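**Student:** Residues per chain, in single letters:
Number of protein chains: 4
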Amino acid sequence: MKRIGVLTSGGDAPGMNACIRAVVRTALANELEVVGIRRGYAGLIRGETVPLDRRAIRNTIHIGGTILETSRSPEFRTPEGRTRAAASIEEAGLDGVVLIGGDGTFQGGSLLAEEWGIPVVGVPASIDNDVYGTDYCIGFDTAANCALNAIDRIRDTARSHDRLFFVEVMGRESGFLALESGIAGGAEELIIPEESFSPADVSARLREGFRRFGKKSAIVVVAEGEMPGRSFEIAHEIREHLGYESRVVVLGHLQRGGPPTVRDRVLGSMLGVAAVTALLDGRNGCMAGEVKGEIAYTPLGETGRVKSLDPDLMRIFPLLSE
Amino acid sequence: MKRIGVLTSGGDAPGMNACIRAVVRTALANELEVVGIRRGYAGLIRGETVPLDRRAIRNTIHIGGTILETSRSPEFRTPEGRTRAAASIEEAGLDGVVLIGGDGTFQGGSLLAEEWGIPVVGVPASIDNDVYGTDYCIGFDTAANCALNAIDRIRDTARSHDRLFFVEVMGRESGFLALESGIAGGAEELIIPEESFSPADVSARLREGFRRFGKKSAIVVVAEGEMPGRSFEIAHEIREHLGYESRVVVLGHLQRGGPPTVRDRVLGSMLGVAAVTALLDGRNGCMAGEVKGEIAYTPLGETGRVKSLDPDLMRIFPLLSE
Amino acid sequence: MKRIGVLTSGGDAPGMNACIRAVVRTALANELEVVGIRRGYAGLIRGETVPLDRRAIRNTIHIGGTILETSRSPEFRTPEGRTRAAASIEEAGLDGVVLIGGDGTFQGGSLLAEEWGIPVVGVPASIDNDVYGTDYCIGFDTAANCALNAIDRIRDTARSHDRLFFVEVMGRESGFLALESGIAGGAEELIIPEESFSPADVSARLREGFRRFGKKSAIVVVAEGEMPGRSFEIAHEIREHLGYESRVVVLGHLQRGGPPTVRDRVLGSMLGVAAVTALLDGRNGCMAGEVKGEIAYTPLGETGRVKSLDPDLMRIFPLLSE
Amino acid sequence: MKRIGVLTSGGDAPGMNACIRAVVRTALANELEVVGIRRGYAGLIRGETVPLDRRAIRNTIHIGGTILETSRSPEFRTPEGRTRAAASIEEAGLDGVVLIGGDGTFQGGSLLAEEWGIPVVGVPASIDNDVYGTDYCIGFDTAANCALNAIDRIRDTARSHDRLFFVEVMGRESGFLALESGIAGGAEELIIPEESFSPADVSARLREGFRRFGKKSAIVVVAEGEMPGRSFEIAHEIREHLGYESRVVVLGHLQRGGPPTVRDRVLGSMLGVAAVTALLDGRNGCMAGEVKGEIAYTPLGETGRVKSLDPDLMRIFPLLSE
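Sequence order for the protein chains is U, E, C and B.
The C-terminal position of the first sequence is numbered 322 in UniProt numbering, with every residue numbered one higher than the one before it.
The C-terminal position of the second sequence is numbered 322 in UniProt numbering, with every residue numbered one higher than the one before it.
The C-terminal position of the third sequence is numbered 322 in UniProt numbering, with every residue numbered one higher than the one before it.
The C-terminal position of the fourth sequence is numbered 322 in UniProt numbering, with every residue numbered one higher than the one before it.
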């Protein structure tokens, strides 16, 4: 093994740069050359590469997003797209590729490995934290702290008014972000993809909280699901039941930027080292994740399995709501 | 003068607590008693008062929102409401009242002063910064830095994608927040109440920027105007013209919370001291603001005049957009 | 079991309030009364208690430090002190006590349990993260992010100058904080209690880095050890070897304040729930920690055992230094 | 005028990059070429220049420090040094130079203008805010907010203990940073270069505060003056008088990094535009500052005059200390 590539694909996540950096440093320490592939699979198909040395990754560890850029590539989902990608990899002389992304990235990578025999190792990065085979994904902790900061700020102003606040966080198919930031922020209610949403039930619980504990404001954390901005609609529905004025915050991509936290940088660094080590050890078609504090490898094809919310956290949420 | 009251009214703003604290300290140093009136004019009408001493305001200077809570009171706009308010003031034995709020607060206060001869002095607090008679209102600097932090975070992720981002900030009738955070963040475009909005024009300028400078992403700062959440609609319209994917962030009440900045705490402190001093000096029916670095008094009835954006800042915005 | 107490002792740590809050909520949900003991063992000896209900802990989850205050109590180390503490516990009618603190707290608590048969359960809170029996202590993540923020800021200015920077973080007998913030910040060197410090060696490695990679500035993270402020002396020694100008930052108690991170609040909440559950289950003389993602109980007497730095992190540090 | 240079000199300050960026943009809009001079006067003497176009300054507005780097140059203080600098300017074909820095920078620049007839315009950037001829210097607001954040964090932990805390901020010859962050943070005492320091007096006032108001902790803000780290000595002296345990934080260069605030970026942008405009208008040997909200020009030779602290702020400090 003489030369490897690295790309970031899917939604960007804070900590990706720490991971890229660790991949480059580990490769160099093992006398491998490293090539950065720009804009994910779309760039791979087009052969958009850039050599990565120490200098290229200097002063990047603290920056959100990804210096390699990213994209979603419908073309890569077709056999023709993957044929072109394989050709690019051969042309660039890559003996393996580190794929930093989510389970969509890994489904594609799995096919590339199977169809073309190209050694690939994945690293899970997703602010939604919805990748099976790792307890935490790169970017989740930073995004959760961003959401928490929003909840804290809203709490300041919530106390000044009698109002209902909706804080919409990311989470397409999973409520990890909503759950952890909600517990940490003492939110009153969660609306997450894992549970069906009933405006009447949420309203009833809120009314009960107001009645029993004399509260005059409440914060509802909403996972955006399939429809960013849905909180405006939800707020409207609940207002009809509850008769309370409400206000909405939509965090959106705010959660993808900002300096990564310690946890995301350390996790990104550890997994970047692990991915290159895995390639050197001859592993292929797997993802390097962290399970119960240790590096664990999962076949790329399995990373899309449903990852459940921590039942203990689900259980304590209502106990701890403000 | 033996005893004064203080209230916060209208939208809450970070730095209000620093102002309340300065009012209390200055009053105590002048051997006045101080009474806090809760929930703005609504609480005043209902006689909801609380004595304020050193202890009551300890450890509040760094907290966003207002410890006295606030509200909007339709009742106070009626002569009957003000009659009840005047009765509360007499009952509480107040020789004067400091009103912390925006121009809506001051219109009401002006009537109270005229109709009932009650000494009132206003202090401008508004994250929109739309009060005439002061260069800056308490809360504006904190809110602007909150918006700037959002733009910085979006910039991180914007560079990772080819996309258009809309950051919706507060600003019902004025674009101060959008303008200052937009300049500081190097935003590409502003959509503000002071200017008519043409999706075609904005799209044309963005397209030109992409063409001339090879940019692949851009940030548009939108003042929420009369309709929070309007950015989703605007994003849709511009996408139709430009064919670019877009994402929306709605900051909403995020901008009212969080620890106030140095500027807002120092301004709040200075104006709180000035308001009590003004009452002691026999001033009435005026607002203590800061104009060109000095304390200036403006009749409450004039604080609703149109306050224009700084033409120099408007001029340099296009020069400095990223 | 009808009534329990909770105290915080030793150095305060961000997230302690989230833990207190979870103790109170869990107790109330199990129909226990809760009594807060102020100022740690010193307050326990003096019987300084305060009833804790829902209202008492409202709006505290986001605040650094501890609402119960803390202290170090030499008296409690004596049999007489513990006799008085046991009397206070009996007088307050407590059937068990949750001790939130570090291993010093737990040594004392262990004696109290043994000598007087009082049910006690500990929860590890220490920004140094030096408690055996838990992977992470409450407060560590917040403190590490505080240190990281400092390193990031220094990096900004370091690039503007040719200089050596020393960032002194906490860590009396252990280098956890220095190690994790150092990896996350891409620091060049670590000076930690686990390793002997040689100015000549550190200087040689720094000089080599400057020579090989053309760097002109570097950041050294120093654990304060037994002597806060020692970095001024260290900087002086290294300057003698290296001839480089240097600057020093001493973070000190900065790391104990500030809003706790998601991780510290969630950990504090989980462990607070676990501690009360443990008391209800009849456990005694143990600490509820988190090991490999799960709740684990360790006898209080063993929590002072040496806890080693993660060898994987130690190994990758030099690989990843900026 | 066809081509101008820009340099940063002296201590770096957050917002310098916003100023560089505004200089470049304004120059380009006026069809001037712009050359960046690296490492201040030291780089000027050595002819270290780099062309600056739109691309060079993209994505720099939010970064602390200065992308052009800075230095202190003893050589430039000699006539020989300035002769070499003048030769570099001629060689680079510069028709004028924008100097971003403090009064030391401007003394040198003034000589360059007088001795060699080179058009120079200064822009004040100094976190100490000690430049005469401008109300605020670039970097001050960011540094003050950094100091305030430290005080807020300390306040969290201070409440948990009975202790005295010393927060050492920058301020070589002036106490602007200490004063504004001290007011905003509700600090109990200030130790600043403008006033002689008596441990006995400070101790007496602190003791009185403890006695009268039942306080158990206090925060003293110390300007570092000529000797960074002096707070350890001061803490020792006061401990001798007061018998209170104390802790020290030394912020140092932390205050030079971090993302600049809105105020520093807007000020940097305005003054950068003003400086280029001044050169185009034929001004020379002056500094473009902001006085009472408007651009004002001051001869470079006068910028070293003593700039006094705002007497109103000095007056309210004791009124408002926590």
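Please keep in mind that the hints were generated in silico from the structure rather than gathered at the bench.
Small disclaimer: the values here were computed from a predicted structure and weren't measured.
Among the clues, some could well be false.
One copy or two, it doesn't matter: identical chains are merged, so the pair holds either way.
Here are the simulated lysine-lysine pairs, DSS-like style, with alpha carbons at most 30 Å apart [said to hold, decoys possible]:
hint : residue 1 : residue 2
1    : K292      : K307
2    : K2        : K215
3    : K292      : K2
4    : K216      : K292
5    : K292      : K215
6    : K307      : K2
7    : K307      : K215
8    : K216      : K307
**Student:** Would you mind marking each hint as holding or not holding in the structure?
**Tutor:** We went through each hint and held it up to the structure:
1. Taking the shortest Cα distances, K292 and K307 sit within 30 Å of each other both inside one copy (15 Å) and across copies (18 Å).
2. In this assembly of identical chains, the alpha carbons of K2 and K215 lie at most 30 Å apart only when taken from different copies (27 Å versus 64 Å within one copy).
3. For the homomeric pair K292 and K2, neither the shortest alpha-carbon distance inside one copy (33 Å) nor that between copies (36 Å) is at most 30 Å.
4. Taking CA atoms no more than 30 Å apart as the test, K216 paired with K292 passes in neither setting, with 40 Å inside one copy and 40 Å between copies.
5. For the homomeric pair K292 and K215, neither the shortest alpha-carbon distance inside one copy (39 Å) nor that between copies (38 Å) is at most 30 Å.
6. Within a single copy, K307 and K2 get their C-alpha atoms no closer than 36 Å, and across copies no closer than 39 Å, so neither meets the 30 Å cut-off.
7. Within a single copy, K307 and K215 get their C-alpha atoms no closer than 35 Å, and across copies no closer than 38 Å, so neither meets the 30 Å cut-off.
8. Taking the shortest alpha-carbon separations for K216 and K307, neither the intra-copy value of 36 Å nor the inter-copy value of 35 Å comes in at or below 30 Å.
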